[in-house]
Amino acid sequence: MSKIKPSKGAPYARILGVGGYRPTRVVPNEVILEKIDSSDEWIRSRSGIETRHWANDEETVAAMSVEASGKAIADAGISAEQIGAVIVSTVTHFKQTPAVATEIADKLGTAKAAAFDISAGCAGFGYGLTLAKGMIVEGSAEYVLVIGVERLSDLTDLEDRATAFLFGDGAGAVVVGPSKEPAIGPTVWGSEGDKSETIKQTVPWTDYRSGEVERFPAITQEGQAVFRWAVFEMAKVAKEALDAAGLDPADLDVFIPHQANERIIDSMVKTLKLPESVTVARDVRTTGNTSAASIPLAMERLLATGEAKSGDTALVIGFGAGLVYAATVVTLP
Amino acid sequence: MAATQEEIVAGLAEIVNEIAGIPTEDVQLDKSFTDDLDVDSLSMVEVVVAAEERFDVKIPDDDVKNLKTVGDATEYILKHQS
Ligand SMILES: CC(C)(COP(=O)(O)OP(=O)(O)OC[C@H]1O[C@@H](n2cnc3c(N)ncnc32)[C@H](O)[C@@H]1OP(=O)(O)O)[C@@H](O)C(=O)NCCC(=O)NCCS
Numbered sequence: 001m002s003k004i005k006p007s008k009g010a011p012y013a014r015i016l017g018v019g020g021y022r023p024t025r026v027v028p029n030e031v032i033l034e035k036i037d038s039s040d041e042w043i044r045s046r047s048g049i050e051t052r053h054w055a056n057d058e059e060t061v062a063a064m065s066v067e068a069s070g071k072a073i074a075d076a077g078i079s080a081e082q083i084g085a086v087i088v089s090t091v092t093h094f095k096q097t098p099a100v101a102t103e104i105a106d107k108l109g110t111a112k113a114a115a116f117d118i119s120a121g122c123a124g125f126g127y128g129l130t131l132a133k134g135m136i137v138e139g140s141a142e143y144v145l146v147i148g149v150e151r152l153s154d155l156t157d158l159e160d161r162a163t164a165f166l167f168g169d170g171a172g173a174v175v176v177g178p179s180k181e182p183a184i185g186p187t188v189w190g191s192e193g194d195k196s197e198t199i200k201q202t203v204p205w206t207d208y209r210s211g212e213v214e215r216f217p218a219i220t221q222e223g224q225a226v227f228r229w230a231v232f233e234m235a236k237v238a239k240e241a242l243d244a245a246g247l248d249p250a251d252l253d254v255f256i257p258h259q260a261n262e263r264i265i266d267s268m269v270k271t272l273k274l275p276e277s278v279t280v281a282r283d284v285r286t287t288g289n290t291s292a293a294s295i296p297l298a299m300e301r302l303l304a305t306g307e308a309k310s311g312d313t314a315l316v317i318g319f320g321a322g323l324v325y326a327a328t329v330v331t332l333p
Numbered sequence: 001m002a003a004t005q006e007e008i009v010a011g012l013a014e015i016v017n018e019i020a021g022i023p024t025e026d027v028q029l030d031k032s033f034t035d036d037l038d039v040d041s042l043s044m045v046e047v048v049v050a051a052e053e054r055f056d057v058k059i060p061d062d063d064v065k066n067l068k069t070v071g072d073a074t075e076y077i078l079k080h081q082s
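Those protein sequences? They're chains A and B, same order as listed.
Using full-length UniProt numbering, the letters of the first sequence correspond one by one to residues 1 to 333.
Using full-length UniProt numbering, the letters of the second sequence correspond one by one to residues 1 to 82.
Please keep in mind that the hints were generated in silico from the structure rather than gathered at the bench.
Possibly wrong hints are sitting among the right ones.
[What the hints assert, rightly or not] DSSO-like, lysine-lysine: derived pairs with alpha carbons at most 27 Å apart:
no.: 1; chain 1: B; residue 1: K65; chain 2: B; residue 2: K79
no.: 2; chain 1: B; residue 1: K58; chain 2: A; residue 2: K200
no.: 3; chain 1: A; residue 1: K236; chain 2: B; residue 2: K58
no.: 4; chain 1: B; residue 1: K65; chain 2: A; residue 2: K270
no.: 5; chain 1: A; residue 1: K195; chain 2: A; residue 2: K239
no.: 6; chain 1: B; residue 1: K58; chain 2: B; residue 2: K79
no.: 7; chain 1: B; residue 1: K65; chain 2: A; residue 2: K195
no.: 8; chain 1: A; residue 1: K107; chain 2: A; residue 2: K71
no.: 9; chain 1: A; residue 1: K236; chain 2: A; residue 2: K273
no.: 10; chain 1: B; residue 1: K65; chain 2: B; residue 2: K31
no.: 11; chain 1: A; residue 1: K112; chain 2: A; residue 2: K8
no.: 12; chain 1: B; residue 1: K65; chain 2: A; residue 2: K236
no.: 13; chain 1: A; residue 1: K239; chain 2: A; residue 2: K273
no.: 14; chain 1: A; residue 1: K180; chain 2: A; residue 2: K71
no.: 15; chain 1: A; residue 1: K200; chain 2: A; residue 2: K236
no.: 16; chain 1: A; residue 1: K180; chain 2: A; residue 2: K239
no.: 17; chain 1: A; residue 1: K112; chain 2: A; residue 2: K95
no.: 18; chain 1: A; residue 1: K309; chain 2: A; residue 2: K273
no.: 19; chain 1: B; residue 1: K68; chain 2: A; residue 2: K270
no.: 20; chain 1: A; residue 1: K309; chain 2: A; residue 2: K239
no.: 21; chain 1: A; residue 1: K273; chain 2: B; residue 2: K58
no.: 22; chain 1: A; residue 1: K71; chain 2: A; residue 2: K112
no.: 23; chain 1: B; residue 1: K58; chain 2: A; residue 2: K195
no.: 24; chain 1: A; residue 1: K35; chain 2: A; residue 2: K200
no.: 25; chain 1: B; residue 1: K65; chain 2: A; residue 2: K200
no.: 26; chain 1: B; residue 1: K58; chain 2: A; residue 2: K239
no.: 27; chain 1: A; residue 1: K5; chain 2: A; residue 2: K112
no.: 28; chain 1: B; residue 1: K31; chain 2: A; residue 2: K270
no.: 29; chain 1: A; residue 1: K195; chain 2: A; residue 2: K270
no.: 30; chain 1: B; residue 1: K58; chain 2: B; residue 2: K31
no.: 31; chain 1: A; residue 1: K309; chain 2: A; residue 2: K270
no.: 32; chain 1: B; residue 1: K58; chain 2: A; residue 2: K270
no.: 33; chain 1: A; residue 1: K71; chain 2: A; residue 2: K95
Bound-form chain A, shown alone (with noise of 0.2 Å):
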């Protein structure tokens, strides 16, 4: 048997920089209202949402991408030629092949970056920020891009009440890389497919080709069941990720939930106690349910406003369709 040279990675991986891109188009609930029976109230009450941003043509999923990370590179300090992969989280580019990575790896210049899609829905940043971390640890790449990127407006039908105000476009973008001490901790991540109907399509794509159905499918759910499984599960999971990490609430400064609902934000606030002292990303308000995209764009919005600082510590914890989940503590760039 002849001896196989290993890979040399680094001892640990750490995010390195932040950048998100929010489609210039803003859209308020009374735009929501023209076709829903609803009430800005409702709207706000129920999710926290004001204000959401919906993309036009030529804020593509690759362009919004190329823009997000464009930033998160510089942020980083590093050059596109030093990305050895690109990781895009979406479920809303809606061309089947060629992964949209490989356009975004191209456009941003890198130097033939490995290049490819996951489907993780809601959890998609958890679980490209795991694998990215792992390659950098394990030593297949020394710097790797993860983007969250959707375009929900596309995949959203206006005349549902329990999901029309809900979701918005965008994308945001992480530069991993090595790092001397342990900047990103265990990930606490599953799936629960018994639970795929809580929130799905409505139909595949070629019952609408057939005609089988005349709408064009949308994401739909079961909003009751989907709130009491992120309230009552996640919070759990969230302090199983802190415990992984070796930490306390306390020991917390950052919290960033994926930003589905802020009602749901606030109820998991509650339940993992955390002191006043730690700052809660409430991006949703304005920016709405973004999917994959919605962590690395609080991350970035809260350390625009000055609301987290680098060095600060964030438990991160993204959840949705699957039901898939992914929770980790990470030092913010």
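Assemble the complex: chain A is given as a structure, and chain B with the ligand must be docked to it using the hints.
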């Protein structure tokens, strides 16, 4: 040991106080969660989750919408607690 009706009402009062900030003495059998106690449909889910833990009952989503008043919830828990 199974909780008595009084204990259940007292427990629900604490839960509603914690979640919606309503004084515990306002939580009476005839009070409607949504109309009298400022518990909206999402807070109700939180109340239910807390009640399940406290009284060791399972309250499925489909049953939640039938629990309009504190009395409805109390009766449900009395009947289903293990
Ligand atoms: C979507 C969500 C806000 C809906 O709230 P809800 O309390 O579950 O809503 P329900 O469908 O039970 O309806 C409750 C009441 O509000 C009304 N309602 C529902 N949608 C409404 C709307 N858009 N506008 C106004 N009223 C509405 C219903 O008619 C009902 O009224 P009634 O009690 O008089 O019959 C909530 O379920 C939610 O956010 N869940 C989590 C979803 C999520 O985050 N998903 C993504 C995870 S990645």
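Consistency of the hints with the structure:
For the given pair, B:K65 sits about 17 Å from B:K79 by alpha-carbon distance, which is consistent with the 27 Å threshold. The suggested pairing of B:K58 with A:K200 holds, with an alpha-carbon distance near 25 Å, which does not exceed 27 Å. Of the supplied pair hints, the one linking A:K236 and B:K58 holds, its CA atoms being roughly 18 Å apart against a limit of 27 Å. Note on B:K65 and A:K270: the hinted pairing holds, with a Cα-Cα distance of about 24 Å set against a maximum of 27 Å.
With a CA separation close to 22 Å, the supplied pair A:K195 and A:K239 stays within the 27 Å bound. At most 27 Å may separate the alpha-carbon atoms for a hinted pair to count; B:K58 and B:K79 meet this at roughly 11 Å. At most 27 Å may separate the alpha-carbon atoms for a hinted pair to count; B:K65 and A:K195 meet this at roughly 20 Å. Proximity of A:K107 to A:K71 is assessed by CA-CA distance (about 14 Å); at most 27 Å being required, the pair is judged to hold.
A distance of roughly 12 Å separates the Cα atoms of A:K236 and A:K273; the hinted pair therefore holds under the 27 Å criterion. Pair hint B:K65 plus B:K31 holds up; C-alpha atoms about 15 Å apart against a cutoff of 27 Å. As the CA atoms of A:K112 and A:K8 are separated by approximately 20 Å, the hinted pair is consistent with the 27 Å bound. Restraint check for B:K65 and A:K236: satisfied, since their Cα atoms lie roughly 25 Å apart, inside the 27 Å limit.
With a C-alpha separation of about 10 Å, the suggested pairing of A:K239 with A:K273 holds against the 27 Å cut-off. Straight-line distance between C-alpha atoms of A:K180 and A:K71 comes to about 24 Å, which keeps the hinted pair within the 27 Å bound. In summary, the hint linking A:K200 to A:K236 is supported, as the alpha carbons are separated by about 24 Å, within the 27 Å threshold. Between A:K180 and A:K239, the direct Cα distance comes to roughly 26 Å. Compliance with the 27 Å bound is thereby established for this hinted pair.
As the CA atoms of A:K112 and A:K95 are separated by approximately 21 Å, the hinted pair is consistent with the 27 Å bound. For a cut-off of 27 Å, the pair hint linking A:K309 to A:K273 stands: about 22 Å separates their Cα positions. Our distance criterion of 27 Å between C-alpha atoms is met by B:K68 and A:K270, whose separation comes to about 25 Å. Annotation: proposed proximity of A:K309 to A:K239 holds, straight-line Cα distance about 23 Å (limit 27 Å).
At roughly 24 Å between alpha-carbon atoms, A:K273 and B:K58 fall within 27 Å of each other, so this suggested pair holds. Of the pairs offered as hints, the one joining A:K71 and A:K112 holds, with about 20 Å between alpha carbons and a cut-off of 27 Å not exceeded. For the hint pairing B:K58 with A:K195, the CA-to-CA distance comes to about 17 Å; that is within 27 Å, so the pair holds. The suggested pairing of A:K35 with A:K200 holds, with an alpha-carbon distance near 21 Å, which does not exceed 27 Å.
For the suggested pair B:K65 and A:K200, the alpha carbons sit about 23 Å apart, so the restraint of at most 27 Å is met. Restraint check for B:K58 and A:K239: the C-alpha separation of about 23 Å stays at or below 27 Å, so the hint holds. Between A:K5 and A:K112 the CA atoms are separated by roughly 23 Å; this keeps the pair inside 27 Å, and the hint holds. Distance hint between B:K31 and A:K270 is fulfilled; the C-alpha atoms sit about 25 Å from each other, no more than 27 Å.
For the proposed pair A:K195 and A:K270, the alpha carbon gap of about 25 Å is at most 27 Å, so the pair holds. Simply put, B:K58 and B:K31 have alpha-carbon atoms about 22 Å apart, close enough for the 27 Å limit, and the pair holds. A distance of roughly 24 Å separates the Cα atoms of A:K309 and A:K270; the hinted pair therefore holds under the 27 Å criterion. Restraint check for B:K58 and A:K270: the C-alpha separation of about 22 Å stays at or below 27 Å, so the hint holds.
At roughly 25 Å between alpha-carbon atoms, A:K71 and A:K95 fall within 27 Å of each other, so this suggested pair holds.
Violated hints: none; the structure is consistent with every hint.
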